[in-house]
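Enquirer: Residue-level listing of the chains:
There are 2 protein chains.
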Amino acid sequence: MNEFQLIKRLTQSLATNPAVVVGPGDDCAVLDLGVPGQRFLLKTDAVVEGIHFTRETPPEKIGRKALARGLSDLAAMAGTPIAALVTLALPKDFDPDQVAAIYAGMNALAREFSVAIVGGETTTNPGGLLISIALLGSATAGRIPLRSGARVGDGIFVSGTLGGSMAGHHLDFTPRLAEARWLVEHFAIHAMIDVSDGLAGDLRHLLHAASVGAVLLKTSIPVSQAAKAAARVGTNAKPAVLAALTDGEDFELLFTAAPGDAVALLDGWKQQFPDTKLTCIGKIVAGEGIRLNDRYSSQLFHGDGYVHFA
Amino acid sequence: MNEFQLIKRLTQSLATNPAVVVGPGDDCAVLDLGVPGQRFLLKTDAVVEGIHFTRETPPEKIGRKALARGLSDLAAMAGTPIAALVTLALPKDFDPDQVAAIYAGMNALAREFSVAIVGGETTTNPGGLLISIALLGSATAGRIPLRSGARVGDGIFVSGTLGGSMAGHHLDFTPRLAEARWLVEHFAIHAMIDVSDGLAGDLRHLLHAASVGAVLLKTSIPVSQAAKAAARVGTNAKPAVLAALTDGEDFELLFTAAPGDAVALLDGWKQQFPDTKLTCIGKIVAGEGIRLNDRYSSQLFHGDGYVHFA
Numbered sequence: 270m271n272e273f274q275l276i277k278r279l280t281q282s283l284a285t286n287p288a289v290v291v292g293p294g295d296d297c298a299v300l301d302l303g304v305p306g307q308r309f310l311l312k313t314d315a316v317v318e319g320i321h322f323t324r325e326t327p328p329e330k331i332g333r334k335a336l337a338r339g340l341s342d343l344a345a346m347a348g349t350p351i352a353a354l355v356t357l358a359l360p361k362d363f364d365p366d367q368v369a370a371i372y373a374g375m376n377a378l379a380r381e382f383s384v385a386i387v388g389g390e391t392t393t394n395p396g397g398l399l400i401s402i403a404l405l406g407s408a409t410a411g412r413i414p415l416r417s418g419a420r421v422g423d424g425i426f427v428s429g430t431l432g433g434s435m436a437g438h439h440l441d442f443t444p445r446l447a448e449a450r451w452l453v454e455h456f457a458i459h460a461m462i463d464v465s466d467g468l469a470g471d472l473r474h475l476l477h478a479a480s481v482g483a484v485l486l487k488t489s490i491p492v493s494q495a496a497k498a499a500a501r502v503g504t505n506a507k508p509a510v511l512a513a514l515t516d517g518e519d520f521e522l523l524f525t526a527a528p529g530d531a532v533a534l535l536d537g538w539k540q541q542f543p544d545t546k547l548t549c550i551g552k553i554v555a556g557e558g559i560r561l562n563d564r565y566s567s568q569l570f571h572g573d574g575y576v577h578f579a
Numbered sequence: 270m271n272e273f274q275l276i277k278r279l280t281q282s283l284a285t286n287p288a289v290v291v292g293p294g295d296d297c298a299v300l301d302l303g304v305p306g307q308r309f310l311l312k313t314d315a316v317v318e319g320i321h322f323t324r325e326t327p328p329e330k331i332g333r334k335a336l337a338r339g340l341s342d343l344a345a346m347a348g349t350p351i352a353a354l355v356t357l358a359l360p361k362d363f364d365p366d367q368v369a370a371i372y373a374g375m376n377a378l379a380r381e382f383s384v385a386i387v388g389g390e391t392t393t394n395p396g397g398l399l400i401s402i403a404l405l406g407s408a409t410a411g412r413i414p415l416r417s418g419a420r421v422g423d424g425i426f427v428s429g430t431l432g433g434s435m436a437g438h439h440l441d442f443t444p445r446l447a448e449a450r451w452l453v454e455h456f457a458i459h460a461m462i463d464v465s466d467g468l469a470g471d472l473r474h475l476l477h478a479a480s481v482g483a484v485l486l487k488t489s490i491p492v493s494q495a496a497k498a499a500a501r502v503g504t505n506a507k508p509a510v511l512a513a514l515t516d517g518e519d520f521e522l523l524f525t526a527a528p529g530d531a532v533a534l535l536d537g538w539k540q541q542f543p544d545t546k547l548t549c550i551g552k553i554v555a556g557e558g559i560r561l562n563d564r565y566s567s568q569l570f571h572g573d574g575y576v577h578f579a
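Keeping their order, the protein sequence lines are chains Y and G. Offset between the first sequence (1-based) and the working numbering: plus 269. Offset between the second sequence (1-based) and the working numbering: plus 269.
Next up, chain Y with everything else stripped away, as it sits in the complex (with noise of 0.2 Å):
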């Protein structure tokens, strides 16, 4: 049973009641708290040792991806932070130093986002580091973008460039809380998520929850310094737009809209945001699975890394 399927079987039956206007599976879970026009949004995320960071990260860049990882998913239901709840499971040698890095590098981006952290809890965990945030957001009721709201014809999106974050990107990048208030204040944005299973993978969960497929142009995928830099190291290297379709973390957003808003998309989010790239790298087509095109060639895209690239 892999990850996937366990949390399908364990969200079948869970508890609810009607302040959930969207419960789990999505980016953030939506509710209805009584402010009109107000939705509330809630995340939690875990970082551990191992996994999304090594022993010889630097404590403050620990804290700082932790908290935006969660708000990274708030940015893909166009919330605002409010607060956030910090667990810190510590190894039991650790330095007290090292948890203030941690929380300093946390608060620091906090402040950013003015996101205020109103509590926690510090506990001893036989195993590695690891740390849990939860998340408690706002959003515009009818201005939530869902995972699952993508239509034949739309346009596919996504911000910045791909691939390559292990090399330094997953405990630098910033949030698009920003980029995402600003897009559905001025747009339909029919599905959103953030890309943080690979453009392949989170592109999947869209194309599933609206039972729909696309295609993209391989050409127009947006390939980032550090995938091409790993790409050039040696033969064994993953070319450069499978990483960018595959290798993840990039906290980009990926979202689609009607075909006919592309342009005026495109030229909006140039003059608001001229120092981060959008890009228009396909579109939603009835059926299943992506498809990528070339100028030459079109081949379904498996995304387990098996397919043969060339």
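Keep in mind that the hints are not guaranteed to be accurate.
Each pair may be met inside one copy or between any two copies, as identical chains are not told apart.
[To be verified] Here are the simulated DSS-like cross-link-like pairs (lysine-lysine), alpha carbons at most 27 Å apart as the crow flies:
1) K330 with K361
2) K330 with K552
3) K277 with K330
4) K361 with K277
These are computed hints drawn from the structure, not numbers from a lab.
Mind docking chain G on chain Y? Use the hints.
Expert: Then chain G, alone, in the frame of chain Y:
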């Protein structure tokens, strides 16, 4: 540096914003989200294998306890739970059936208290099993008893019976949510906390927060059957009243109210909650520390277990 010193250091300059009414340091954080007359509560709490349960604890009970602890914190602020987020950190060899059983125990309790489980994460933990649960609740503005509200002359009250929780109560207790709401609806509760560290330890939190002291009548402390049974086991066993003062994990309500309210409070409680004890165990006094009185003596209780205890 102990846990309390570490927490103090970490929480000295945390990021905040105007939504925060009460920040870190009480049983829950209190937020104003724009609903007139209403406040919202946030709390996170973690249970860890080897500390809060053992490898032999049935997984349903682990899940139940993980949620019940946080609900007890909401009770201490007279809150009503709304939604929960669950982080499960699992050892690599963990059986999906056990995960399902943990969720089943959690879910049954969530249903009982109308808490929606709106999301969560399952991650790998190189150590043992760890469950972190974040809770959102609501409470009535002006009726949220903080830890800091105790006044000289107040009666000190505690629900239920105390001590010996590890014999079973820590896995089966019912969070005192209904009792706490009834209390604040009918009386001016000056200060409240749930008993998790032990009566003496948690009373000290109230005393420090208000810079006051307490005098307890030793014979009035409600000692559980479990603590009495444990005290009979051997010559090295903890005296039952010491167990009631220091064992912890009772998850009862400890609160103070004006002495003039004592009779009405005890009478009303007995009618409302006939199966649950409520006891006035002493009073708040000027000064500091906990003094334990009986008919013949009066001693300062240090609560570290090293005090000579007759």
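Enquirer: Next step is simple, just say for each hint if it's right about the structure.
Expert: Structure-based check of all given hints:
| no. | hint | verdict |
| --- | --- | --- |
| 1 | K330 with K361 | both (21 Å within a copy, 26 Å between copies) |
| 2 | K330 with K552 | neither (36 Å within a copy, 48 Å between copies) |
| 3 | K277 with K330 | between (32 Å within a copy, 22 Å between copies) |
| 4 | K361 with K277 | between (34 Å within a copy, 19 Å between copies) |
The structure fails to meet hint 2 from the earlier list, while all remaining hints are met.
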